[in-house]
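**Q** Chains as they are written, first to last, in this note's numbering: chain A, 1 to 359; chain B, 360 to 663.
Warning: the hint list may mix true and false statements.
[What the hints assert, rightly or not] The calculated DSSO-like cross-link candidates involving lysine-lysine, where the alpha carbons are at most 30 Å apart (straight line), are:
id: 1; chain 1: A; residue 1: K226; chain 2: B; residue 2: K503
id: 2; chain 1: A; residue 1: K226; chain 2: B; residue 2: K502
id: 3; chain 1: B; residue 1: K502; chain 2: B; residue 2: K488
id: 4; chain 1: B; residue 1: K459; chain 2: A; residue 2: K226
id: 5; chain 1: A; residue 1: K226; chain 2: B; residue 2: K488
id: 6; chain 1: B; residue 1: K459; chain 2: A; residue 2: K144
Just so you know, these hints were derived from the structure itself, not from any lab.
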Amino acid sequence: MSMTQQAEPAVTTPPAPGPGKAKDGRTTERPLALRLLARPEVGVFLGAVAVLVFFLITAPPVRDGSSMANILYQSSTIGIMALPVALLMIGGEFDLSAGVAVITSALTASMISYQLTMNVWVGVIVALIVSLAVGLFNGWMLVKTGLPSFLVTLGTFLILQGVNLAVTKLITGNVATDDISDMDGFDQAKALFASTFEVGGVNVKITVVWWLVFAAIATWVLLRTKYGNWIFAVGGNQQSARAVGVPVTFTKISLFMLVGFGAWFVGMHQLFSFNTVQSGEGVGQELIYIAAAVIGGCLLTGGAGSAIGPVFGAFMFGMVQQGIVYAGWNPDWFKAFLGVMLLGAVLINLYVQRTATRR
Amino acid sequence: MASTNGTGTHGAVLADKAPEKEGPIVELRSAGKSYGNIRALHGVDLKVFPSQVTCVLGDNGAGKSTLIKIISGLHQHTEGEFLVDDAPVRFSTPREALDKGIATVYQDLAVVPLMPVWRNFFLGSEMTKGPWPLRRLDIEQMKKTADEELRNMGIILDDLEQPIGTLSGGQRQCVAIARAVYFGARVLILDEPTAALGVKQSGVVLKYIAAARDRGLGVIFITHNPHHAYMVGDHFSVLRLGTMELNASRDEVSLEELTNHMAGGTELAALKHELAQVRGVDVEELPEEEDLTAPVATSGEGKS
Ligand SMILES: Nc1ncnc2c1ncn2[C@@H]1O[C@H](COP(=O)(O)OP(=O)(O)OP(=O)(O)O)[C@@H](O)[C@H]1O
Ligand SMILES: [Mg+2]
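Input sequences plus hints: build the corresponding full structure.
**A** Set out below in structure tokens:
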């Protein structure tokens, strides 16, 4: 063949566009009901409805409006934290320090305000900074060392647990902090974090509102923004995400800081509802948050999930926790219920993932 | 834009003859890369000029992917120099390479299996609309663009919402190629893009490479198929055990010589036999004179 002219392009025009709006035609539309059922958040919604109906039948006091408000309140304290924990899980990581971080935040705000006899808002702001810094530390350690988040946050969990107890004893000489209810700014802060309002004769805690607002924002961010796209990507395949230009380091660290923000918010709620903080609390809560996220359809290995699922997951928890009490049963059954719900949810998740990636 | 029609009087190993007015977009000067104690690449020179296709060939494990990963910012070189527009650079993330207009189709495709096709297409370079606090994904536009780009490649999907993990290997490869072609502004790197493709899609990919070159892009095309390489290549680099064995422009090397270099001299005889068979099957794709000048000649199988 001729060797001289072959640098001429094989083709001088860009490839012609393919045929118009034709469809492949091999995919048949599955019935809507089936497609919906395959979505984990729909599954957990039906689960939540089932649990609700079950307790409406077996525990008559649940039918009361104020009981329902109480159940929602219980759910919201889990649910507010379950949201960032769920986002983090979709992003492929865990945070075992989330439970004690709540207490760390509350202790910080309480002791800063009380010891320095300053406006409580000073303590609130310092606590926010501390909480974000803990998240930053977790994320930074993870990104820099490449260790699994299980190990990194297990370390933070132990550190915070020890620091909570030791520093509180050192400063107050007690296991709990001093009452800050008569300090400047307390009423304002309480209105924001721990107030109650009336709807049709029923007292509803403001955390229920915050919970739903945060869930709406998280849903929007997850599905409609770049950042949401990045969360799914870093959880689904970190190497690929990096290769196509997703800022993996930023996404991971900011997710941990988001958990820090959640811990601060719940910590402030606890502080301003009870006026004092018990330094040994919070241990074990991190597993409740993770369980609520998993029941809510978030993939434990990352890359899939929603923000609305964990709302129903947290509601199931609150419902069971209070429902057992209203039904007059032994509260010891709570954990057993939890385990059953968790296993059921994981099995559904597994099934969904298998069908989504079937070959 | 034809760039290598000069007189082929230089030795077998020499620097490119570039269009005199423009320098290389990307250049490696005796660059190397070690993974710990594994020296995957050593003393490699490579220049990528606008409107030129540089083919990189070589055995499995020769270091081809390592070479392009340096250029695409996935890895950093550990020796030598890497220049973009004549300025030494060291990309710490692929983002920096993308920002310089260098887009890559990775051998492992770099897709996120559970994410929908259209999200994968735009991942890392999402289209948005609206002012900041409410800045959101322009989903309509992204789906439309992704659909168009995929149709141009001859891939028609019923549902762009399906997770990319449910597509066939070749379909996934096409999505990765369409994405790189769409985002590659100056340099397009393709790491074995035709490995999993059918005849029709392989043809489309070669046409894409030619079209990208005509638009003035520099293309790095990695392949194990010397026929494919010879159809579109302006310059050929053959790697062997991490070093550059051949670095020649098109008029200095014939298809047979190229195949020879890829296979190693002793294996030539066996390969020639194979080649004859390949020719028997793929006659259409061999670069006859008509194919090279008449664009429609090869697209006969393009319409299904
Ligand atoms: N991340 C890594 N860590 C250690 N060694 C690596 C790594 N990536 C590649 N190598 C080594 O570098 C050498 C070159 O690999 P590379 O992937 O560049 O080959 P290749 O030419 O692309 O091969 P193929 O044709 O099979 O794709 C191989 O010996 C491989 O073992
Ligand atoms: Mg390779």
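**Q** Now tell me if each hint is right for this structure.
**A** Tested hints:
no.	hint	result
1	A:K226 / B:K503	holds, 18 Å
2	A:K226 / B:K502	holds, 15 Å
3	B:K502 / B:K488	holds, 14 Å
4	B:K459 / A:K226	holds, 21 Å
5	A:K226 / B:K488	holds, 11 Å
6	B:K459 / A:K144	holds, 26 Å
Hint compliance for this structure: every hint is met.
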